[in-house]
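Let's have the full structure, built from the sequences with the hints guiding it.
The listed protein sequences correspond, in order, to chains A and H.
Under our numbering, the first residue of the first sequence is numbered 1401, with each subsequent residue one higher.
Under our numbering, the first residue of the second sequence is numbered 1401, with each subsequent residue one higher.
Hints were generated in silico from the structure; no laboratory data involved.
All C-beta atoms, glycine included, are put in the ideal place defined by N, C-alpha and C.
There could be a bad hint or two in this list.
To be verified - Coverage of chain H stretches by chain A, computed from C-beta distances (three or more under 8 Å per stretch; other residues unrestricted):
(1) 1405-1415
(2) 1420-1430
(3) 1437-1446
(4) 1453-1465
Stated by the list, open to error - Here are the simulated DSSO-like cross-link-like pairs (lysine-lysine), alpha carbons at most 27 Å apart as the crow flies:
(5) H/LYS1420 / A/LYS1457
(6) H/LYS1403 / A/LYS1420
(7) A/LYS1403 / H/LYS1420
(8) A/LYS1465 / A/LYS1441
(9) A/LYS1441 / H/LYS1465
(10) H/LYS1420 / A/LYS1465
(11) A/LYS1441 / A/LYS1457
(12) H/LYS1441 / A/LYS1420
(13) H/LYS1441 / A/LYS1457
(14) A/LYS1420 / A/LYS1441
(15) H/LYS1457 / A/LYS1441
(16) H/LYS1457 / A/LYS1420
There are 2 protein chains.
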Amino acid sequence: MFKATVIVKRRPTILDPQGKAVEQGARLLGFNNVRNTRIGKYIEFFVDTNNRADAEKEVNEYCTKLLANPVIEDFEYNLEEVSDD
Amino acid sequence: MFKATVIVKRRPTILDPQGKAVEQGARLLGFNNVRNTRIGKYIEFFVDTNNRADAEKEVNEYCTKLLANPVIEDFEYNLEEVSDD
Chain A
1401 MFKATVIVKR
1411 RPTILDPQGK
1421 AVEQGARLLG
1431 FNNVRNTRIG
1441 KYIEFFVDTN
1451 NRADAEKEVN
1461 EYCTKLLANP
1471 VIEDFEYNLE
1481 EVSDD
Chain H
1401 MFKATVIVKR
1411 RPTILDPQGK
1421 AVEQGARLLG
1431 FNNVRNTRIG
1441 KYIEFFVDTN
1451 NRADAEKEVN
1461 EYCTKLLANP
1471 VIEDFEYNLE
1481 EVSDD
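This is how it looks when you write it as structure tokens:
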């Protein structure tokens, strides 16, 4: 079994209105040192296989087809072997 | 200047309907080994100060007051010093 953690972020050239809105809120609350907030997704899940190559293939496809929008987002992932329970 | 990366996740005991929905999609697409998908947020921003203690305080408050809902979510962050540009 593998535990996968995935980070999906908008490409640097793509505007992030959500981050911008949150940062405006930050200004209103008096956080004056915060700059360039960008908000992405953090996803974790388990892959039920003991073969790392299979797990990587599945994670890659899962990211490309469902978790990230490949047109505007990039993803990176980490796979860590965990004991089955 | 510091670069902060924050991960916000729902507490393990809190249901994650978004993760559940995505995982149902995964089943329909034929990903049969994916288990227990949970979706959180990944946030990155810069803190414009050269004092680590100040930066930590600001990040902590920003997380507690805006980025995370402390009732149902936990957050963790990482601060990395970067050169001003």
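Would you mind confirming whether the straight-line C-alpha gap from H/LYS1420 to A/LYS1465 stays at or under 27 Å? Answer holds: H/LYS1420 to A/LYS1465 is near 16 Å, not above 27 Å.
Within 8 Å of chain A (C-beta), three or more residues of the segment 1437-1446 of chain H: holds (count 10)
How does the coverage statement for the segment 1420-1430 of chain H fare against chain A, requiring three or more residues with Cβ below 8 Å from a Cβ of that chain? holds (count 5)
Proposed proximity, A/LYS1441 with H/LYS1457 (alpha carbon, max 27 Å): Roughly 24 Å between the alpha carbons, so the hint for H/LYS1457 and A/LYS1441 holds.
Checking one constraint from the list: CA of A/LYS1465 to CA of A/LYS1441, max 27 Å. Satisfied? Between A/LYS1465 and A/LYS1441 the Cα gap is close to 15 Å, so the pair holds against 27 Å.
Hinted pair, alpha-carbon criterion (27 Å max): A/LYS1403, H/LYS1420. Please report holds or violated. Holds, at about 17 Å.
Are the Cα atoms of A/LYS1441 and H/LYS1465 separated by 27 Å or less? holds, 19 Å
Holds or violated: H/LYS1441 and A/LYS1457, Cα atoms, limit 27 Å. Holds, at roughly 24 Å.
Is H/LYS1403 within 27 Å of A/LYS1420, Cα to Cα? holds, 17 Å
Does the alpha-carbon distance linking H/LYS1441 and A/LYS1420 stay inside the 27 Å limit? Distance of about 15 Å is within 27 Å: holds.
For the pair we were handed, A/LYS1441 and A/LYS1457, check the Cα-Cα distance against 27 Å. Between A/LYS1441 and A/LYS1457 the Cα gap is close to 20 Å, so the pair holds against 27 Å.
Straight-line Cα separation of H/LYS1457 and A/LYS1420 no greater than 27 Å? The given pair, whose Cα atoms are some 21 Å apart, holds under the 27 Å limit.
In summary, this structure violates none of the numbered hints.
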